[in-house]
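Chains as they are written, first to last, in our numbering: chain A, 1 to 73; chain B, 74 to 327.
Watch out, some of these pointers could steer you wrong.
Label pairs and their computed distance ranges (CB to CB) [to be verified]: (1) B:Ala213 x A:Ile19: 16 to 24 Å; (2) A:Leu15 x B:Gly302: 36 to 44 Å; (3) B:Phe320 x A:Gly24: 42 to 50 Å; (4) A:Leu12 x B:Gln218: 52 to 60 Å; (5) A:Leu12 x B:Arg181: 47 to 55 Å; (6) B:Met123 x A:Leu8: 16 to 24 Å.
Sample of chain A residues with no beta-carbon within 10 Å of chain B, all distances over it, derived [stated by the list, open to error]: (7) Met7; (8) Leu21; (9) Val52.
Some residues of chain A that are not near chain B, with every Cβ distance over 12 Å (derived) [to be verified]: (10) Leu18; (11) Ile34; (12) Tyr39; (13) Phe41; (14) Gln44; (15) Met46; (16) Ile50; (17) Phe53; (18) Thr64.
In case anyone wonders, no lab produced these hints; they're calculated from the structure. Beta carbons are placed, not taken as given, at the ideal position from N, Cα and C, and that holds for glycine.
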Amino acid sequence: MNNDIDMLIEYLPFLVPLIVLQVGLAIFSAIHVIRHPHYRFGNQIMWLLIVVFIQFLGPLAYFTIGRGDRHDH
Amino acid sequence: MNPWIGFLKKEWTESVKSYKLLLVAVIFSILGVLNPFTAKITPALMENFMPEGTVVNIPEPTALDSWLQFYSNVPQMGLVVFILLFSTLMSKELDRGTLVILLTKGLRRSTVVTTKWVIGAAYWTLAFLLAFSITYAYTAWYWDQSILHHLAFAVSCVYLFGLLMFTLTLWGNTVFATGYGGLLAAVLAVIALFIAALFPGTDAWNPIGLLTSSPGLLTGDAPLSDFTGPLLVSIGAIAVLLGATVFHFNKKVL
C-alpha cells in the first residue's frame, strides 16, 4: 500500500498537469455546451456526456463538428 | 491597412474565436507531458501486469525512450488532430460565400491562400514548439540527454513533415472544395508514400523517411547525409503545393 503512495508521489509531476489540462478542458467545454444550446446535430445531453467523459477527443469533436455556427441561431 | 495584414488578422481572430488556439494549446501540452510520462511509467506498469514471481528484466528508461514516445505521439496523435482541425480552412470559407464580397472589392485571391497557409504554419510551429519544449524540460529533468545525437535536427524532420501534410491538406481542401477533400488528399499521400517506401532505393528521396528514419539520428545510427534528399523533396513539395493552391484558387469559379 505504502508502495502505491510512493509511486503516486513519484508520478505527481506528470499527473498534476495532465489532470489539470484534461479536467479544465472538460469543464470549459461543458460550460460552452450549456451556454450555447445550438448544435449541428445531437442534443445537449449527448454533447455534455461526450465532452465530460471522452477525454480530450470529446471536446475536440464538439468544437470541430458539434458546435453550431453563430448564424445557425 | 495593407490588405494582406488585414486578412491575416481576420484569419487569426477567426481561429481564436473557433477555439482552435485553445484546442491546439491544450492538446499539444498534454502530448508534451505524455511523452516522458509514458517512457517513465512503462517499466512500472509491466512489472504490475506480470504474473507474481516472474523475473522481470526491463531496462531503466532513458532520454531516448522519452523522445521515441515523442516520435510516435506527435505524428500519430498530434498531427492527425492538427490536420482534422485545419482541414476545412478553405472549404468553410467557400461554403459560407463570404469571400465573394471581399474578392469583388479587390482582395487578391493569392492573399486568401497565402494568409491561410501562414496561419496554419504558425499554428503548427506553435503546437510543435509547445510539445517539444515540454517534453524537453521533463526529459532534461529526469534523464541525461547527452546520449542523444542531433536532437534539434531529428525533431525538425518531424516538424517539416507536418508542414508538408498541412500544405497538402490545404491544397486538397481548395481543389476539391469539400471538408473531406483535404483529408482525403493527406491520407492518400501518406499511404502512397508508405507504399513507395517498400521499394528499395526510394529512401533517398521519400519524405516519409523524415518520420521513419529520423529516430536513428538520435542514436547516431543514421548519418545526417541520409536526410538531404527527403528534406529537399519536402521543401520543394511544400513550395509546389502552395503554388498549385494559388493557381487552382485563381481559376476557381466562386
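Quiz item: For this structure, which hints from the list above don't hold up?
Solution: 4, 7, 8, 10 and 18
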